[in-house]
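*Asks:* With chain P fixed as given, assemble chain D onto it according to the hints.
Protein sequences appear in the order of chains P and D. Using this note's numbering, the letters of the first sequence map in sequence onto residues 78 to 414. Using this note's numbering, the letters of the second sequence map in sequence onto residues 216 to 573.
Calculated directly from the structure, the hints in this document are not laboratory data. Cβ coordinates follow ideal geometry from the N, Cα and C atoms, glycine included.
Ranges between beta-carbon positions, derived for each pair: (1) G107/P <-> E381/D: 26 to 34 Å; (2) P328/P <-> H244/D: 27 to 35 Å; (3) F249/P <-> D257/D: 51 to 59 Å; (4) T249/D <-> L295/P: 21 to 29 Å; (5) F265/P <-> M329/D: 48 to 56 Å; (6) D289/D <-> R245/P: 18 to 26 Å; (7) F265/P <-> D289/D: 37 to 45 Å; (8) M329/D <-> V239/P: 25 to 33 Å; (9) R245/P <-> A446/D: 50 to 58 Å.
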Amino acid sequence: MTDYETTNDCGGTDSDRVDTDGGVDAEYPGAAPPERFRDDGFVEPRRTFRERLVTGLGNDRKALAGAVVVVGFIATALFAPIIAPYDPNTTFTILQEPATSSTTADGEFFHILGTDSFGHDVLSRIVYGARVSLLVAAATVLFAFTIGTVIGTVAGYYGGWVDSLLMRYIDFQWAFPTLILAAGIIAFAGGLGVWNVIIAIGVAFIDDFARLVRGEVLSIREEEYVMAARAVGMGDTRIMSKEILPNAVAPIIVQVTLMIPLAILAEAGLSFLGLGVTPTTPTWGLMLSEGRQFISQAWWISIFPGFAIMITVLAFNMFGDGLRDVFDVKEGEVSDR
Amino acid sequence: MSSAHSPSGSADADEESLLDIAGLHTVFHTDRGTVRAVDGVDLSLNSGEIVGLVGESGSGKSVLARSIMGLIDDPGEIADGDVRLNGESLVHAEESRLNELRGGTVSMVFQDPMHSLNPTLSVGEQIAETVRLNQDIGESVSLPAEIKRKILGAAENSEAWRRAIEMLEAVQIPEPAARAGDFPHEFSGGMRQRAMLAIALSCEPDLLIADEPTTALDVTIQAGILDELRALKDAFDTTILLITHNLAVVAEACDRVNVMYAGRIVERAPTDVLFENPSHPYTQGLIASTPRVDHPDADLQPIPGSVPDGIGEQPACKFAKRCPEAKPECYERPPDFRPVGASHEAACLRRGPTEDRL
Chain P
78 MTDYETTNDC GGTDSDRVDT DGGVDAEYPG AAPPERFRDD GFVEPRRTFR
128 ERLVTGLGND RKALAGAVVV VGFIATALFA PIIAPYDPNT TFTILQEPAT
178 SSTTADGEFF HILGTDSFGH DVLSRIVYGA RVSLLVAAAT VLFAFTIGTV
228 IGTVAGYYGG WVDSLLMRYI DFQWAFPTLI LAAGIIAFAG GLGVWNVIIA
278 IGVAFIDDFA RLVRGEVLSI REEEYVMAAR AVGMGDTRIM SKEILPNAVA
328 PIIVQVTLMI PLAILAEAGL SFLGLGVTPT TPTWGLMLSE GRQFISQAWW
378 ISIFPGFAIM ITVLAFNMFG DGLRDVFDVK EGEVSDR
Chain D
216 MSSAHSPSGS ADADEESLLD IAGLHTVFHT DRGTVRAVDG VDLSLNSGEI
266 VGLVGESGSG KSVLARSIMG LIDDPGEIAD GDVRLNGESL VHAEESRLNE
316 LRGGTVSMVF QDPMHSLNPT LSVGEQIAET VRLNQDIGES VSLPAEIKRK
366 ILGAAENSEA WRRAIEMLEA VQIPEPAARA GDFPHEFSGG MRQRAMLAIA
416 LSCEPDLLIA DEPTTALDVT IQAGILDELR ALKDAFDTTI LLITHNLAVV
466 AEACDRVNVM YAGRIVERAP TDVLFENPSH PYTQGLIAST PRVDHPDADL
516 QPIPGSVPDG IGEQPACKFA KRCPEAKPEC YERPPDFRPV GASHEAACLR
566 RGPTEDRL
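This is chain P alone, in the form it adopts within the complex (with noise of 0.2 Å):
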């Protein structure tokens, strides 16, 4: 044994203690060391996922930061009628005032934020607003997730004529803007509602998704563990799923932080075009459109959905770099900052 094999052995997680040695019980061929100089026994403390995701969190500002605003973002929407002051669609005296009060016959009413044009109180239809966006947020990304992730992986895996068909439908969509899209697909399931929202932009955001998705499996499917995984048995299925996708994750929920608020976003903007959701339902955009034509004579009704959407947004992003680098399992450790 040499020395430079000892000073190996000391170095700590990466010394090849087996392989210098050949064993766990290795005899040693000079003077035996010194207590403190063996390393049998020497387990490092090995940290599970859910330690990484909270101690990667939270020395992560940002990310805690974006996190607490996406889990106060729920919580509004879970439980909108409790924290609303009023029903988003009683209708107050008072109309079109900046921070006021108003009497009724049940007596005396605040409006922290204001009132609308109608007389609603803007606080609270941006509370229930929250539900709107979260909904269609979260339905119309896992949609396009769900959908787009399958088109990319079949195509980016098994290439050839299939990806051809695939992709050509998908650079087929690419071609129409997101919103156009959506209106056409309104207009052809023949009507308003939450739902038809959400598949419309669902649809539309489909080829985000299955682009990204094959652009990583393609480069995915070369790496010699997938070659290593046929060698032992695995089929074409398990492959994808276990080998490939889970590799593709971190540019995935990039994505889908980065959809959401462009869902949210393409909401307000087909509310605006009177292609979304029905007019008397609260939601953030449709603030913002039904405000925008008094934006002069009274600012709030549509900054504050303005600053809802925003900071929704920035909370969604900031969240999404920090789970990244926590899912990052090939980075190890999250640095602090």
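*Replies:* The following block gives chain D in isolation, referenced to the frame of chain P:
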């Protein structure tokens, strides 16, 4: 070097062989023409042997390995010949049958341990997965189990997981129970190659193809892996085809050696015979171009030129252009295998019994 087996296991032995490759041609169709990567290989392995396949980069060793495994993808194809494992043709087998055989009956270890393990699954899970795939232990192949283990940090009690820990122990990973939950990036290079061996051997295959298993490792670790291969061969009763460009590895590990050049086997012999008495000019060149510890002052003599890419018309003997002994007839007349010693053959017209010699 001591050979564990007597040199009786030559290609023409009439005992039933485990693997039989006959006249195998694997070609790749490219824009520049058809590349004949494996160009008529005959090779047979008997049970319990470690047989070396040696040749320089581009000689078709890895393509031969993948041809055996049925892992030749477009634009490549097996154009002719057959591969028989236990008498069953692999070339004509359905993909589903090949999937059954891979892992359980024939398995493979790849060159680069850094990239041959899935970075997103724990090492233990990758072994357990192979066990579930190939052995009927009544456990479904489950993604949720891995997610549960990863997120909840739960210990796994399944049969497959227990087997994974056993395998890690068999390949000398310390603290196998604790290490099984580690991801590949938490293993060193040597440990990853051991983990690859654990995966490949977890279902006790009859045949293990080791494609350059030590090339990416440094020298001290190489020796450990080769020792491991020999120990595992006995422990799991596996036959090994060891592919390498490194003559030292062959000398260390193999019973018999096949030297491959440009898609063809050019010489085959028991290991010690080959090193003592290399016959084919290519083998002689290969040995002369390898540094030797026992002759530190000897000049290295590189073989001039490089391996042909196999496109277009080739001389009858593909080595003729680089061969110091080439005669005009070498370009025209295909070399056949000639006996040059006991169980020792070379495909060269200028070798063999004197009366046939060019």
